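> Line by line, the protein sequences are chains A and B. Numbered per numbering that gives the first Met the number 0, the first sequence finishes at 478, counting up by one with no gaps. Numbered per numbering that gives the first Met the number 0, the second sequence finishes at 349, counting up by one with no gaps.
Hints in this document: simulated from the structure, not taken from any laboratory. One or more of the hints may lead you astray.
Claimed, not checked - Cβ-Cβ distance ranges computed for the label pairs, FRET-style: (1) B:40 to A:14: 17 to 25 Å; (2) A:292 to B:245: 43 to 51 Å; (3) B:289 to A:397: 52 to 60 Å; (4) B:218 to A:1: 50 to 58 Å; (5) B:213 to A:254: 44 to 52 Å; (6) A:404 to B:245: 37 to 45 Å.
As the list claims (entries may be wrong) - Below are the EDC-like pairs computed for lysine to aspartate or glutamate, each with C-alpha atoms no more than 16 Å apart in a straight line: (7) A:275 to B:242; (8) A:19 to B:211; (9) A:197 to A:44; (10) A:40 to A:14; (11) A:19 to B:214; (12) A:298 to B:263; (13) A:275 to A:289; (14) B:44 to A:273; (15) B:44 to A:272; (16) A:275 to B:211; (17) B:44 to A:270; (18) A:17 to B:214; (19) B:44 to A:44; (20) A:275 to B:263; (21) A:17 to B:211.
Said to hold, decoys possible - Here are some of the chain A residues that sit facing chain B, going by a computed Cβ distance under 7 Å: (22) 20; (23) 266; (24) 268; (25) 271; (26) 358.
Values in this document were obtained by computation on a predicted structure and should not be read as measured data. Cβ atoms here follow ideal geometry from the backbone N, Cα and C, with glycine treated the same way.
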Amino acid sequence: MAQKTILRKPRGFIDVYKHKPGAEKDRTHYCPGCGHGILHKLIAEALEDFDIVDKTIVISPVGCSVFAYYYFHTGNLQVPHGRAPAVATSVSRANPDSVVISYQGDGDLAAIGGNNILQAANRGENMVVFFVNNAIYGMTGGQMAPTTLEGQITTTTPYGRNVKTDGYPIQVCEIINQLTAPVYVVRTSLHDMPNIRKTRAAVRKAISNARDKKGFSFVEVLSMCPSGWKMDSVPAQEWIKENMIPRFPLETFRDDSEDTPAIERPVPVMDPDEVKRILEYSALSDSNLEKNPDAAFEKVAVRIAGFGGQGIMSAGIALANVGMEYGYNVSWLPSYGPEMRGGTANCSVKIQSDTVGASECTEPNMVIAMNQPSLEKFEKILVPGGALIYNSTLIDIEPTRTDVEVYPIPITGIADELGNTRVQSMVSVGAFAAVTEMFDPGEIENLMTSLFKGKSDKVMKLNEKAVRKGYEYVKENFS
Amino acid sequence: MPRKLMKGNHAAVYGAILAGCQAYYGYPITPASEIAEAASLLFPKFGRTFLQAESEVAAINMVYGAAGCGLRVLTGSSGPGISLKMEGISYCAGSALPCVIVDIMRGGPGLGNIGPEQGDYNQVLKGGGHGNYKVIVLAPNSAQEMCDLTMLAFELADKYRNPVFVLTDGVIGQMMEAVELPEPVTELPDKSEWAVYGTADSRHLINSIYLDHDDLERWNRELMKKYEIIQKNEVRVEEYRIDDAEIVTIGYGSSSRVLRSAVDIARERGIKLGMLRPITLFPFPVDEIAELADRGLTGILTVEMSDGQLVDDVNLALRGKMISDLYNRMGGNVPTALEIVENVSELYGV
Numbered sequence: 000m001a002q003k004t005i006l007r008k009p010r011g012f013i014d015v016y017k018h019k020p021g022a023e024k025d026r027t028h029y030c031p032g033c034g035h036g037i038l039h040k041l042i043a044e045a046l047e048d049f050d051i052v053d054k055t056i057v058i059s060p061v062g063c064s065v066f067a068y069y070y071f072h073t074g075n076l077q078v079p080h081g082r083a084p085a086v087a088t089s090v091s092r093a094n095p096d097s098v099v100i101s102y103q104g105d106g107d108l109a110a111i112g113g114n115n116i117l118q119a120a121n122r123g124e125n126m127v128v129f130f131v132n133n134a135i136y137g138m139t140g141g142q143m144a145p146t147t148l149e150g151q152i153t154t155t156t157p158y159g160r161n162v163k164t165d166g167y168p169i170q171v172c173e174i175i176n177q178l179t180a181p182v183y184v185v186r187t188s189l190h191d192m193p194n195i196r197k198t199r200a201a202v203r204k205a206i207s208n209a210r211d212k213k214g215f216s217f218v219e220v221l222s223m224c225p226s227g228w229k230m231d232s233v234p235a236q237e238w239i240k241e242n243m244i245p246r247f248p249l250e251t252f253r254d255d256s257e258d259t260p261a262i263e264r265p266v267p268v269m270d271p272d273e274v275k276r277i278l279e280y281s282a283l284s285d286s287n288l289e290k291n292p293d294a295a296f297e298k299v300a301v302r303i304a305g306f307g308g309q310g311i312m313s314a315g316i317a318l319a320n321v322g323m324e325y326g327y328n329v330s331w332l333p334s335y336g337p338e339m340r341g342g343t344a345n346c347s348v349k350i351q352s353d354t355v356g357a358s359e360c361t362e363p364n365m366v367i368a369m370n371q372p373s374l375e376k377f378e379k380i381l382v383p384g385g386a387l388i389y390n391s392t393l394i395d396i397e398p399t400r401t402d403v404e405v406y407p408i409p410i411t412g413i414a415d416e417l418g419n420t421r422v423q424s425m426v427s428v429g430a431f432a433a434v435t436e437m438f439d440p441g442e443i444e445n446l447m448t449s450l451f452k453g454k455s456d457k458v459m460k461l462n463e464k465a466v467r468k469g470y471e472y473v474k475e476n477f478s
Numbered sequence: 000m001p002r003k004l005m006k007g008n009h010a011a012v013y014g015a016i017l018a019g020c021q022a023y024y025g026y027p028i029t030p031a032s033e034i035a036e037a038a039s040l041l042f043p044k045f046g047r048t049f050l051q052a053e054s055e056v057a058a059i060n061m062v063y064g065a066a067g068c069g070l071r072v073l074t075g076s077s078g079p080g081i082s083l084k085m086e087g088i089s090y091c092a093g094s095a096l097p098c099v100i101v102d103i104m105r106g107g108p109g110l111g112n113i114g115p116e117q118g119d120y121n122q123v124l125k126g127g128g129h130g131n132y133k134v135i136v137l138a139p140n141s142a143q144e145m146c147d148l149t150m151l152a153f154e155l156a157d158k159y160r161n162p163v164f165v166l167t168d169g170v171i172g173q174m175m176e177a178v179e180l181p182e183p184v185t186e187l188p189d190k191s192e193w194a195v196y197g198t199a200d201s202r203h204l205i206n207s208i209y210l211d212h213d214d215l216e217r218w219n220r221e222l223m224k225k226y227e228i229i230q231k232n233e234v235r236v237e238e239y240r241i242d243d244a245e246i247v248t249i250g251y252g253s254s255s256r257v258l259r260s261a262v263d264i265a266r267e268r269g270i271k272l273g274m275l276r277p278i279t280l281f282p283f284p285v286d287e288i289a290e291l292a293d294r295g296l297t298g299i300l301t302v303e304m305s306d307g308q309l310v311d312d313v314n315l316a317l318r319g320k321m322i323s324d325l326y327n328r329m330g331g332n333v334p335t336a337l338e339i340v341e342n343v344s345e346l347y348g349v
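Based on the provided sequences and hints, a complete structural model is requested.
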């Protein structure tokens, strides 16, 4: 039977290069003798042969292959310089069934995008990277690339690459091969037919890996750049053989394709009811406890302060939570930024019926000082007539303010008596409830399960007791 | 309504989940890290993607990729990180990709500090990236708005195929308030006209290259037209006690919270102070501010936590009919309500 000769482009290419400006829509923009066209063709053929043109997405970099999207009959994204592996990452995550190809040159991949390629490889993203190494920046007119050889003359190494000042040519395959995740790492060349055939096999292996969701495949291809190297096509092929291959040995560094299972990605949950279920809408606060109309405080702006580890932040959060349950507008602001100087932690809590403006309590009507530096720092800013609660277990000085209500309470001591210093924050919450009369201690106890979500019954009981003790201490000693 | 006490940073993530955001790509930075942390906790529960990128630059490019594939996608950062993202944001704008970027501003320039500031105003509003583009900028001032405006950000991003910023400062990101969680969106917009899904019908091209000068200019003009429509349709402001005000203060984000308190204090002292708060910074409330100049006000005072970046836009809007005064704090300092009232009294003799 006579062999049939097919004279057409592979279906991986667009029939007419419609995105390409100008009249010549049937040929590439690459220079004569350039390797890109050969590699493009090997890729396009593989896509057709594997019947995956439809599901392929090609990422075009910055460099000579910036216009790869002129040619491939696939989904196409053109991306910033060096970032193709980052973009390919999210494209692959968004479309886990697609075949994602990151096509990059040496400046793009090994210089400006050096970190991006390492990290995508290290994550084992399901993608193929074709790395065209021609030892030069082609698109910008022949400057030094990370892979430029020792002594090689370029427009930015007019005296030849000097390893003492410019470093050595980077062997990317060898670096990628240090990582655990990649499944296939190979270097081939396009300088003659036998090597083009080897490249073809590598291209097909890498693309089939992506199709089968095996993970990260890396194909470095040594490629001619007659324009950049300022030589004719045939000498360019010779130049690869004589100069590049000794520095960049052709080798299959790794092939774990067979033994690697397919990557599975979850299907996103988008159903609104399911979203509400996962966010636990049914457990959200929907209560409006009855406010005490005769409370001593109508609204509170409290500054709570102490050492880190005294539960300052959690006391504030507990107060804000309880306030919310009573239907107040509440805000909680941690000491943060420059406020954190000086070793004291503090937070501002506002609990009021009208809308909360500024969230930082710069003129609080209550201060809860859990240690001495906090008392010294914050009693000054208390408004006249305000309440000063301080931890008399740890503070042995007297407050200087005489125009405020003072509540010395052995907060740490009460917690210690209960057997756990850590509950001192809830002792202060109980004291707050008693001084303000805004919260009923019984209601706070009812809220324990939401305040201490995930904590053991024992912890919850202890904290309940702490609230009660703090509350009772105030009622017994200051009423 | 069901409520939850949460940080502004967390509320933004809830808003994103409720808006149907399918992917988060980000890099840790104070005071925005809780956004990445909350996303890392929540997104996997929904089988949605959370990835801690290797850099801010990688993160915004991952956003570019996900947006190009038609996903609702979020990233969060702060000043220095936003600077690094700018090239990618320009690409998103140039390729007409909808995405949402939360910027929890901190002190600058340089490493500055992690205190609250509003110094990213110019870099975000005035096209910190290269080329002719604008981004929509929403400025929440509460945890509730961090949730609501993040949801709105996704809606506007898709409506205009444009990046949208949720721009606020460390105070709003770090503070906790009760947030009423809205209903999740039930339907996501159809993007099959342009998005790349890796299918035969979605062989689209996501691209910002226009080699022909006239082609690029045509695209620039199309973008300008889009921004005009946004300017016309999407301005949002909050007014507080402004109707009978003789002096109006203007501020956004946490300074607007302080302004609300300042207005109340001033009123108690018999000073007729009001507040106008831009909720959208682009589109800027140009008409609303221009109108103030016709009211015979004693004064307009712009209060910001930056070096006069907002007041420049206020004065542009006033078109020389009045000139706004400026009261500002920087370096991580937040103005206090009393400070502002005293400044008003001194400036205007009231």
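> For each hint, tell me whether it holds in the structure or not.
Evaluated hints:
1. At roughly 49 Å, the beta-carbon separation of residue 40 (chain B) and residue 14 (chain A) lies outside the given 17 to 25 Å, and the hint is violated.
2. For residue 292 (chain A) paired with residue 245 (chain B), a C-beta distance near 36 Å fails the hint of 43 to 51 Å.
3. At about 58 Å, the beta-carbon gap between residue 289 (chain B) and residue 397 (chain A) stays in the expected band of 52 to 60 Å.
4. At roughly 52 Å, the beta carbons of residue 218 (chain B) and residue 1 (chain A) sit within the given window of 50 to 58 Å.
5. A C-beta distance of roughly 50 Å is found between residue 213 (chain B) and residue 254 (chain A), which places it inside the suggested range of 44 to 52 Å.
6. Checked against the hint of 37 to 45 Å, the C-beta distance between residue 404 (chain A) and residue 245 (chain B) comes to roughly 38 Å, which is consistent with it.
7. The straight-line distance between the Cα atoms of residue 275 (chain A) and residue 242 (chain B) is roughly 41 Å, outside the 16 Å bound, and the hint therefore fails.
8. Only pairs whose Cα atoms come within 16 Å are accepted, and residue 19 (chain A) paired with residue 211 (chain B) is accepted, the gap being roughly 11 Å.
9. Taken as a hint, the residue 197 (chain A) and residue 44 (chain A) pair is honoured in the structure, with Cα atoms around 15 Å apart against an allowance of 16 Å.
10. Among the hinted pairs, residue 40 (chain A) with residue 14 (chain A) is consistent with the structure: their alpha-carbon atoms are about 13 Å apart, no more than 16 Å.
11. Restraint check: the Cα-Cα separation between residue 19 (chain A) and residue 214 (chain B) comes to about 13 Å, which is no more than 16 Å; the hinted pair holds.
12. Restraint check for residue 298 (chain A) and residue 263 (chain B): satisfied, since their Cα atoms lie roughly 15 Å apart, inside the 16 Å limit.
13. Proximity of residue 275 (chain A) to residue 289 (chain A) is assessed by CA-CA distance (about 28 Å); at most 16 Å being required, the pair is judged violated.
14. Only pairs whose Cα atoms come within 16 Å are accepted, and residue 44 (chain B) paired with residue 273 (chain A) is accepted, the gap being roughly 11 Å.
15. Only pairs whose Cα atoms come within 16 Å are accepted, and residue 44 (chain B) paired with residue 272 (chain A) is accepted, the gap being roughly 14 Å.
16. Restraint check for residue 275 (chain A) and residue 211 (chain B): not satisfied, since their Cα atoms lie roughly 50 Å apart, outside the 16 Å limit.
17. Simply put, residue 44 (chain B) and residue 270 (chain A) have alpha-carbon atoms about 13 Å apart, close enough for the 16 Å limit, and the pair holds.
18. For the suggested pair residue 17 (chain A) and residue 214 (chain B), the alpha carbons sit about 15 Å apart, so the restraint of at most 16 Å is met.
19. Taking the CA atoms of residue 44 (chain B) and residue 44 (chain A), the gap is about 40 Å. The hint is violated against a cut of 16 Å.
20. Using a Cα cut-off of 16 Å, the hinted pair residue 275 (chain A) and residue 263 (chain B) is violated, with the two alpha carbons roughly 38 Å apart.
21. This hinted pair checks out: residue 17 (chain A) and residue 211 (chain B) have alpha carbons roughly 14 Å apart, not beyond 16 Å.
22. Using the Cβ-Cβ criterion of 7 Å, the hint placing residue 20 (chain A) at the interface with chain B is satisfied: the shortest such distance is roughly 6 Å.
23. Evaluation of the residue 266 (chain A) hint against chain B yields a held restraint, the C-beta minimum of about 6 Å falling below 7 Å.
24. With a least beta-carbon distance of about 4 Å to chain B, the hint placing residue 268 (chain A) at the interface is held under the 7 Å criterion.
25. A least Cβ separation of about 4 Å between residue 271 (chain A) and chain B falls short of the 7 Å threshold, and the interface hint therefore holds.
26. Taken as an interface hint, residue 358 (chain A) checks out: its beta carbon lies about 5 Å from the nearest beta carbon of chain B, inside 7 Å.
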